[in-house]
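Using the sequences and the hints, build the whole thing.
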Amino acid sequence: MQLYQSFIEATNDAPLLFIEQSVAAGFPNPCEEFLTKPISLDTLLIKRASSTFLVRVTGTSMEPTIPSGALVVVDKSIDAINGSIVVAVVDNEFILKELRVVKNAPTVLHSHNSFYEDIIIDESNEERTDVWGVVTSFIKQF
Amino acid sequence: MAYYYVLADVNAAYVSFCALFNPQFRDKPLGVLSSNQGNVIARNQKIKDLGIKMGDPAYIVKPIIEKNGGHLFGSNFTLFGDMSDRFHTELEELIILPERYSVDEAFGLLDTNCMADLNAYAKHIQGTIKKNLGLEIGVGVGRTKTLAKLANWFSKEQRWKEVTHGVAVFDTIEKENWVLARAPVIEIWGCGKKISEKLIKQEINTGISLRDSDLKQMRRRYGVTIERTILELRGINGIVLKSSTDARAQICVSKSMGIPVTDLSVMNESLSSHVQNASFKLRRQNSWCKKMTVFIGTNSFKKDDAQHHQSLSIELPRSTQSTTVLTKYALFVLERLYRKGFNYRKTGVILSEFNAVQEMQHDMFNIEEPDKSPLVDNALDQINAKFGKGAVRLASEGFTRSWKPKDNLAPPSYTTNIMELPTTK
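If you read the sequences in order, they're chains A and B.
For the first sequence, the residue numbers in my numbering are 190 to 331.
For the second sequence, the residue numbers in my numbering are 5 to 429.
Please note that a few of the clues may not be correct.
[Claimed, not checked] SDA-like mimics (lysine to any residue), calculated; alpha carbons at most 25 angstroms apart, straight line:
no. : chain 1 : residue 1 : chain 2 : residue 2
1   : B       : LYS134    : A       : THR225
2   : B       : LYS202    : B       : ILE190
3   : A       : LYS236    : B       : PHE84
4   : B       : LYS135    : A       : VAL291
5   : B       : LYS429    : A       : ASN302
[Claimed, not checked] Simulated coverage check for chain B against chain A, where a stretch passes if three residues somewhere in it have a Cβ under 8 angstroms from a Cβ of chain A:
no. : segment
6   : 89-95
7   : 115-128
8   : 136-149
9   : 423-429
Keep in mind that the hints were calculated from the coordinates and are not lab data.
C-beta atoms are modelled at their ideal positions from N, C-alpha and C, and glycine is treated no differently.
In structure tokens:
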């Protein structure tokens, strides 16, 4: 009975240890030298962890490019340029738009959804318009 | 002189952490309340301008803030801790030998050989943090830590803000003298309230009169701390930087309970939760502790209530980092401290006397089982890392947690919980 008890404990506590021991007697694993870390989505999506934030999309203004409900990865350290998709602050709210900077024309925040009009970034505007961060990718889970 | 000390700190840190995700409050009076939501513990400039002081009670402040379109947040130390970590991580790319001095302050060194223009470099540090984290910081640079701290104070003083814009570099004696002549002694690092009062009686009112006072006489009268401060003001380093990789020498976890508690079992729950947090920190820095202190207290602001504040330390039979072992001893101590009939407001635990490895001494009187809980603790930490703090806990922490501070005002964990992310339209 006591033996049985300790067997249960051993398997509950350390399943990994258990497997390791049974392998030791077998044929050496030819793949062992080639073992690397598994693929990491973090490394793919996050280049600078300390300045990267995840933001949930709750609107349709960037559809069809970015659907509502998606997660956007925002890196604040990146400088926004023409064509950057950005999280901006307009009327004290976060909005997701494409930044368009063209010579001899006002800078605008453009929606990919044609139902929304462009927002002109005007210095004289009473409400401040700022780029909060640049979107580097988005994640959509089905 | 090749090296200068730098002190960078976040302006109104807790408030700024909340404001980053709440642009609607950017230019409004903003405050953060203590964890039991009783008092103001952080303020931005707008709320200071309304005359609201540190520690003011929430119920008095709230109507004033609301009338002015502002907001009071509760505390969320998960959010604050993560933002603080980001601040320190960013700084560590910018300064030499960084030291995480507190949640929102870091010391470090600047080298004039590779950062020729100290002023421009200090502004670069400020600009980088503003860009990458959206946080306003103050940067002070000086020949010693005490001078860097003074430069930082100067950079933030409202009356000179137009000139400093949050950056002050003491790269000449003239600049040091100018600020020292205008800095009250209470603003000098190392001069507490008591010493400052005595110094003022002695007609030492400003930093400059303290710096130029008689060193031997001051040492005889006030001790080595003031001597070190004076030397630092004279440009001689007396305070050594700690490397931020050094493990902390003690861990303290304590929080006010949301409601007054008289029942021992509720206090057990609260203390167990603190022990869980403390032992997690202990394992994270790879230490084993030999000593534990438990303390409890009633609300000292409630003058009418009967007061009971007491602490008790015990030497552990063997150094440990196990939640289960520490909880067992903590509850044992609490039972001895607790007295019936008091309205307790606080429980806390301090772990100290750390070893880097577990002592392996087996003495013949030690009848206890060897510490076989690392597997349990590891599993606990991993599950809690994956599913959020407190997902799995010891039964002694309880299930209802009636003592928990009411957290309806606390901001979400915007950066650490996928269910609480900021949203964009």
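Comparing the hints with the structure gives:
| no. | hint | in the structure |
| --- | --- | --- |
| 1 | B:LYS134 with A:THR225 | violated, 38 angstroms |
| 2 | B:LYS202 with B:ILE190 | holds, 11 angstroms |
| 3 | A:LYS236 with B:PHE84 | holds, 22 angstroms |
| 4 | B:LYS135 with A:VAL291 | holds, 23 angstroms |
| 5 | B:LYS429 with A:ASN302 | holds, 12 angstroms |
| 6 | 89-95 | holds (count 4) |
| 7 | 115-128 | violated (count 0) |
| 8 | 136-149 | holds (count 3) |
| 9 | 423-429 | holds (count 5) |
Hints 1 and 7, counting from the list given before, are not met by this structure.
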